[in-house]
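Novice: Protein chains in written order, with this note's numbering: chain A, 1 to 275; chain B, 1001 to 1331; chain C, 2001 to 2307.
By construction, these hints were calculated from the structure, which means they are not laboratory data.
Treat the numbers as computed from the prediction; the structure is a model and nothing was measured.
It is possible that some hints are incorrect.
No farther apart than 20 angstroms at their CA atoms in a straight line, the calculated lysine-lysine pairs in the PhoX-like style are these [unchecked claim]:
1) C:LYS2256 with B:LYS1131
2) C:LYS2116 with B:LYS1241
3) C:LYS2120 with B:LYS1131
4) C:LYS2076 with B:LYS1241
5) C:LYS2059 with B:LYS1241
6) C:LYS2121 with B:LYS1241
7) B:LYS1241 with C:LYS2120
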Amino acid sequence: MLNKKTSLAPKMGMLILMFFVAVAIFAPIISPYDPNTITSPYLKPSREHFLGTNDIGQDIFSELIYGARLSLFIGFFSAFIVTLVGSVLGIVSGYYKGIVGRIIMGVTNIALVIPSLPLTIVLAAYMQASIWNIIIAICATSWAGTARIIRSRTLQIRELPFIKIEHALGVGNLQIMFAHILPNVLEVILIKGTLAVSSAMLTEAGLSFLGLSSSTAKSWGSILHYAFFRNGVLNNYWWWYMPPIICISLCVLGFMLLGYHGKGKNKTTNKMELT
Amino acid sequence: MKAAAILKRIFEYALILFIIITINFLLTHYMPGDPILHLIGEEEYYNLMASNPQVIEEMREKYGLNKSTLEQYWIYLKTTVTLNFGYSYIYKQPVLDVLLFRMKWTLMLLIPSVIISAFLGAFLGIKAGWKPGSQFDILTTPLMLLINTTPTYCISIFVLTFFSFTMGFFPFGGMTSGGLSGLDKALDIMWHMFLPLMILVISKTSYDYFIMKSSVIEISEEDYILTAMSKGLSDRDVLSKHVLKNALLPYITVVCMQLGFSVAGTMLVEVVFSWKGMGTLIQRSVQVKDFPMLQLSFLFISVCVIISNIISDLLYIAIDPRIKEGESRAQ
Amino acid sequence: MLAIKDLSVEFMTDHKVKAVDRVSLNIRKGTNTTIIGETGSGKSVLILSILRLLPPSAKITGKVIFENSDLFQMSKKETELIRGRKISYIPQGSGNALNPLLIIGYQVAEPMIVHKMITKKQAPQRSIDLLKRFNLGNEERRIHDYPHTLSGGMKQRVLVAMGISAGAGLILADEPTKGLDKSRVFMVVDCFQQLKSETILCVTHDLDFAQVIGDYVAVMYAAQIVEYSKKDDFFSKPLHPYSEALINSMPENGLKALKGFAPPHDTYSYSGCRFFERCSFKSDRCRSDPPLVEFGIRQVRCWKYAD
Ligand SMILES: Nc1ncnc2c1ncn2[C@@H]1O[C@H](COP(=O)(O)OP(=O)(O)OP(=O)(O)O)[C@@H](O)[C@H]1O
Ligand SMILES: [Mg+2]
């Protein structure tokens, strides 16, 4: 019973994500309108406009479909950078215990304490509103968690006999790190990477909701921003504010379900470290 | 031994504070745009530019912006240390005053929500973690996961439209109806804060729930739990005498640490409910590019995080007999 | 004292694992029985199943008769009354068997407190007395210490003291010497020799240890008991080819290690001797299940002795 349940979760997660990825890829085909074309504002759901139109008369359903593109792109792209940087720093600092490792660890520990959402907001406020700046702001603050856990795993693995033998045999440091340690921490990297996508998407949605992304970029967060600040919520236009909420939550749920699977499988990984 | 560990941590946190101040300095002076704009905010800058450009030059002089980077940095540190954070032209007040006033309102939401959810999350998490796979667990975990994956401002919007707009049980936002005093005013504030508080409570509870649950599950698998059971302790006693103490240790420290980060977490909820705390302050400052206000807010939240970290470290050192000299949890 | 009859334990996890397969064993009062066998043969599971300490995923069948009642028929409450008071369990000390957040004194006295034999006030004195029996050293101060301040050997002695604290007549010990160096092993031997009058069932990997403390030896291989005999008979003339191989692997006999590994659990349902692959006496009839041959109290599960 229980085992079936645990293996069901990642499958469901995968299914949800595949759906959204497909929507994102085929956005131009699926979407009935170009989300930037303007018709009459504040239309209610109808046959022409499945979810009505927004304050400047853009088709909300099309916005939502294109929103999947941007939200997922920002999520994946930031997560890729964050995970890459975090993993490299984690492995290097775990492997070189000396001065290099200590410096990286010190920086990581500091970065962990700096509150990331406010810093991201401040950074985004200083920079011109654009999706690239949002990605930069997200990346600048969220690599530390990955670096820390990869480091602690590397520290464990480097004490294993086979690494010591490699060392004694004179195998190069780079080769040990990336041919032998990396495969052993890959699972943790993947789990962390999966969760990083969802947290990047959440940050992006938060920033966009606050109005920090560029006004032409259509992500789920920015749809919600206009729905909220242009009276969509006040007038209870549920077709405007509910869909982005559902999309964000479903997508994050998908990533969580996928990530949780790995957590359950690897017993040696401390579950609390991952969250 | 313990004193040395504490001192070391405090030194580390002082360093972090210093780095945050430095980040602020770098932001002001090296982000694209005129540093003066960053120092006084966008609106005032363009006002002065149009009406009185020579005031801007005077300011450039005052902040030493024509001097070397090092000197500028020194001036910046001096003004920061003397708690001179500048003036908000938007609010026509020193930024510190504005911030402290707003902080009061944020704390009013934050402190009760953290405390209530710490208990609620612990209670539910223990119940689910002690018997994973039980009916309670099967019902609670998906619900908590759902709450956890839905951003708080999304829940807020949903709740606001339902309870306030549709049902009319609660106000549309804000903090008081005005024109009241004494007990009536207090009740009125409570009525206004009910929804945002509830949302913060459930979202934090879901977070605490997972921490406690995984902590209890992990501890239940430890050898010493088997030892305890072999002595003839009942399930209840094993839980209360052996599991709880060990599970509470990481829990308390995580919840404490979360306190500082929660300041940021309440932000978006405040925005939705037009609760005039730190969150709406930051949001508004972003919109009008009131940089001094933003800088101070960031510094202030960082200080909150650091303080809560220190408390959590101290607690850890006080409770855990295993902590040795210089050993820190970060590893 | 304790009669185990046809005890089987199966874990209902992803792939079913039969960790203990139809084990029968008699423990006589006042004797020491050691169970030896290689890793994964089901020794720990056997011990834990007696006190029903296995997780819910374990399906247990068979009988364990202790003082004329079947332990598996008892209610939860009755089991709790047996645990610690009548039958105690001594885990291995190199691990994490002591609660890191409780002082040693309390943990040693806990079985007595649980069974209401003493009050909490009396606990410190009782633990001091108990720990003195095993020469922990500086007992008055030690009882206020936390487990992390103890060495592996010290922890083991604390655990032994805890095991006898409520005066259990039967003591189950799981690898009390694992992870200890030779001098520490002697300390544990010391402890056990002080318990000569008790009934002990002890799992070990360490044949020297078995030789010193045991009266009887049971050999487990791939979830079954393949040989059971008096200690002296066993060490002078092992019957089962696996026992022989074990004894040959002792340092004084030239460290001739046995090649290969025990068969995986999913093959247990096939018939035939489970030692077949590694046996040097095998013949065709070993392809069907070997009989349990008895010579008095001595038992061996091998075709070699069938005639
Ligand atoms: N909780 C469990 N769930 C599933 N399988 C288990 C569980 N506990 C033990 N097993 C399986 O039962 C088998 C026997 O394990 P056991 O711990 O009894 O071996 P052992 O003889 O004590 O070995 P060692 O000498 O290494 O302690 C192993 O294959 C193990 O994988
Ligand atoms: Mg074992």
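Novice: If a hint holds in the structure, say so; if it does not, say that too.
Specialist: Hint check results:
Using a Cα cut-off of 20 angstroms, the hinted pair LYS2256 (chain C) and LYS1131 (chain B) is violated, with the two alpha carbons roughly 47 angstroms apart. Simply put, LYS2116 (chain C) and LYS1241 (chain B) have alpha-carbon atoms about 16 angstroms apart, close enough for the 20 angstroms limit, and the pair holds. Between LYS2120 (chain C) and LYS1131 (chain B), the direct Cα distance comes to roughly 29 angstroms. Violation of the 20 angstroms bound is thereby established for this hinted pair. Distance check on the hinted pair: LYS2076 (chain C) and LYS1241 (chain B) sit about 19 angstroms apart at the alpha-carbon level, within 20 angstroms; holds.
The straight-line distance between the Cα atoms of LYS2059 (chain C) and LYS1241 (chain B) is roughly 28 angstroms, outside the 20 angstroms bound, and the hint therefore fails. At most 20 angstroms may separate the alpha-carbon atoms for a hinted pair to count; LYS2121 (chain C) and LYS1241 (chain B) meet this at roughly 17 angstroms. Proximity of LYS1241 (chain B) to LYS2120 (chain C) is assessed by CA-CA distance (about 14 angstroms); at most 20 angstroms being required, the pair is judged to hold.
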